[in-house]
Amino acid sequence: MAELKYAFYTGCSAKGVAPELYNSTKLVAEKLGMELIELEAATCCGAGAVQEKDEFLALTINARNLALAEELGLDLLTICNTCTLMLREAKFKLDNDPELKDAVNQVLKEAGLEYKGTSEVTHFLWEVIDGVGLDKLKEMVVRPLKDFNIAPFYGCHIIRPPYLIGYEDPDNPKSIEMIIEAIGGNPVDHTARLACCGFHSFWSAEDKVTLKLTAMDAQSAKEEKADFMVTPCPLCHTQLDAMQEEAEERIGINIGMPVLHLPQMIGLAIGLKPKELGLEKHVISTKEIIQKVA
Amino acid sequence: MEKFKLKVFRYDPTRDTEPYYKTYELPVEKGMTVLAALFKAKEEQDPTISFRYNCRAAICGSCAMRINGHATLACKVQITHLLDKYQTDTITVEPIGNVKPLKDLIYDMDWLVDKLKRIKPWFIPKEKPPVDGTEYRQDPYDHHRIDFASDCILCASCMSDCNALKANKDFLGPMVHSKAYRFAADTRDGAKKERIEAVLEDLNLEWCVRCMECTTRCPKEVQPYENIIRLRIMAAEEGYKTPGEIHAEIFEQDIYNRGLLNEMLLPMRQEGILGAIKRAPFGIKMMLKGKVNYADFFGGHKIKRLEEVQKIYKAAKEKEKEVKIKLPQIMGVIYEDKRKTRKRVNYAETGGNE
Ligand code: SF4
Ligand code: SF4
Ligand code: FES
Chain A
452 MAELKYAFYT
462 GCSAKGVAPE
472 LYNSTKLVAE
482 KLGMELIELE
492 AATCCGAGAV
502 QEKDEFLALT
512 INARNLALAE
522 ELGLDLLTIC
532 NTCTLMLREA
542 KFKLDNDPEL
552 KDAVNQVLKE
562 AGLEYKGTSE
572 VTHFLWEVID
582 GVGLDKLKEM
592 VVRPLKDFNI
602 APFYGCHIIR
612 PPYLIGYEDP
622 DNPKSIEMII
632 EAIGGNPVDH
642 TARLACCGFH
652 SFWSAEDKVT
662 LKLTAMDAQS
672 AKEEKADFMV
682 TPCPLCHTQL
692 DAMQEEAEER
702 IGINIGMPVL
712 HLPQMIGLAI
722 GLKPKELGLE
732 KHVISTKEII
742 QKVA
Chain B
381 MEKFKLKVFR
391 YDPTRDTEPY
401 YKTYELPVEK
411 GMTVLAALFK
421 AKEEQDPTIS
431 FRYNCRAAIC
441 GSCAMRINGH
451 ATLACKVQIT
461 HLLDKYQTDT
471 ITVEPIGNVK
481 PLKDLIYDMD
491 WLVDKLKRIK
501 PWFIPKEKPP
511 VDGTEYRQDP
521 YDHHRIDFAS
531 DCILCASCMS
541 DCNALKANKD
551 FLGPMVHSKA
561 YRFAADTRDG
571 AKKERIEAVL
581 EDLNLEWCVR
591 CMECTTRCPK
601 EVQPYENIIR
611 LRIMAAEEGY
621 KTPGEIHAEI
631 FEQDIYNRGL
641 LNEMLLPMRQ
651 EGILGAIKRA
661 PFGIKMMLKG
671 KVNYADFFGG
681 HKIKRLEEVQ
691 KIYKAAKEKE
701 KEVKIKLPQI
711 MGVIYEDKRK
721 TRKRVNYAET
731 GGNE
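Taken in order, these protein sequences are the chains called A and B. Everything in the first sequence is counted per this note's numbering, starting at 452 for the first residue and increasing by one. Everything in the second sequence is counted per this note's numbering, starting at 381 for the first residue and increasing by one.
Looking at chain A on its own, in the form it has when it is part of the complex (with noise of 0.2 Å):
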């Protein structure tokens, strides 16, 4: 097996709204026998609000980003959906586009640095199946998830576009029902596992769109009768679990849905405990989960 040792992006969530994230993610990684290098000098990918203001700004400052990581000769981990997307739409766009790709050099030499290309953008999600592997993680498994429905939610920027993600098929992914089934739990098909959670048009629309998406996919996972959702982004997590209450009062039900982090998940199943996973720190109480795996 190849050695699982990887340049550790944590975008900006994981260290400022869902620390819990950060520190799940350290914990289930090292007890996966996965070596986090943290990039201590990366920078914010940009979301997306950077690269509709400034494209060449945004290209340049991840094309540092992966040069930091190509410095340590690793393949960059990410923890957040939209960071993903972000850091291989700029390798796209630098691997496909040679002038492009000369004119940010140009730039990064400033610095001392250069894009050469070499290293690849990945995500914890994915690198527990490829890197870790299933049959691993089965091994790893001391409580079994067995009396949990779990809500996959996949997050928009971990599947879509295909032309930057290509993992797997953006219309019938099945990464996230992989890991629940090798933790044994029981992966739960509801109608929003691939829909948005609104994250990106909060400060625009947040009544008229962000809030209302939540509050249905929420629901979705609801009455479906799962115990949690799960989800592999910071920013899916913040909206479903924190604007959750915010979002079942403008529909006017009560949802009350948990929300965990995909390590998180995985932690409480190869046997971390609740607390040191930070499950206390969610907005929508964890406390049955945590009395049911107690």
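Mixed in with the good hints there might be a few duds.
[Claimed, not checked] BS3-like cross-link-like pairs, simulated, lysine-lysine; straight-line CA separation at most 30 Å:
#  : chain 1 : residue 1 : chain 2 : residue 2
1  : A       : LYS560    : B       : LYS706
2  : A       : LYS738    : B       : LYS572
3  : A       : LYS597    : B       : LYS669
4  : A       : LYS504    : B       : LYS704
5  : A       : LYS625    : B       : LYS694
6  : B       : LYS497    : B       : LYS383
7  : B       : LYS387    : B       : LYS483
8  : B       : LYS387    : B       : LYS480
9  : B       : LYS572    : A       : LYS659
10 : A       : LYS743    : A       : LYS726
11 : B       : LYS694    : A       : LYS567
12 : A       : LYS625    : B       : LYS684
13 : B       : LYS704    : A       : LYS625
14 : A       : LYS552    : B       : LYS684
15 : B       : LYS385    : B       : LYS483
16 : B       : LYS682    : B       : LYS669
17 : A       : LYS676    : B       : LYS600
18 : B       : LYS387    : A       : LYS676
19 : B       : LYS669    : A       : LYS738
20 : A       : LYS504    : B       : LYS420
Honestly, the hints are just simulated from the structure, not real lab data.
Position chain B with the ligands against the provided structure of chain A, taking the given hints into account.
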């Protein structure tokens, strides 16, 4: 598999109070498209099935429908491919989503046409035609900016699966916004301002949630999502100060000053002091849950090697004036299942050179 089931959405408002599904069993034939299967069912089993089609060659856009939950052109996708993709013996066909079904697979197009009219989806020349009778000329790079957008066949597959439209039918939608971009970005067009103002009305252009369904669905690689973003860039360049533009500025400043976004101070910077007051209860809730990095209130920590970023930032701002970014062509870069094909590189052996 010798036979498959074609499960068809049926609805005749003159007879049915509710839509229902009717299933037809058909032989699996090599090369048979969904449209061909519908014809076979109609000709041999049930002449009452209604659907729209015209070119049968993925050109006219009239056969768009939802197939196993995702919009596409019925004349473009093959039965064998779908059975394999979904590992099933059933193919479900429904009218496209987000619009009103009229009869079986036929949906109400007037609603879409009304939306389109708002952005004047036709060429409004800036100048009189050349006197020598030749065509309007355009620089190849300028043409490249609208090349993919011009391929739209108005099939509405993108509208069908749009998440923003699902939440709010007042959203103009990817087809309409993308079409607005196609004309507004045309250097020969004389109604750029008018078109931008039409999409900015009620901040409509900013309702898009960046879910990328539209680009994923589009059978012609028009890149509707990307065109929406290009339109937003144009609006900012024209000086419209939208929440999106303010958001982007905050990100840029934070990348320059500290490397990472300061999420704690974001609401105040985005919406001003009133916004901060409005968000205070939410902030307190997050604090109580331990989701707050208190250092962020005082600027927060900075990334390592920040001076590198600042140098690059300034140099990029200078350089970008001369860079012409080509729109990436996504044609041919189709979905590839990397999960099944990916080979992991052993960096320990290659030293990072592979
Ligand atoms: S990216 Fe925007 S326009 Fe496209 S489908 Fe999603 S919400 Fe709709
Ligand atoms: S952008 Fe693509 S999917 Fe949308 S209407 Fe045009 S051709 Fe169809
Ligand atoms: S019949 Fe014309 S696009 Fe399918």
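- Query: Checking against the hints above, which ones are violated?
  - Reply: The structure breaks hints 2, 5, 6, 12, 13, 17, 20; every other hint is satisfied.
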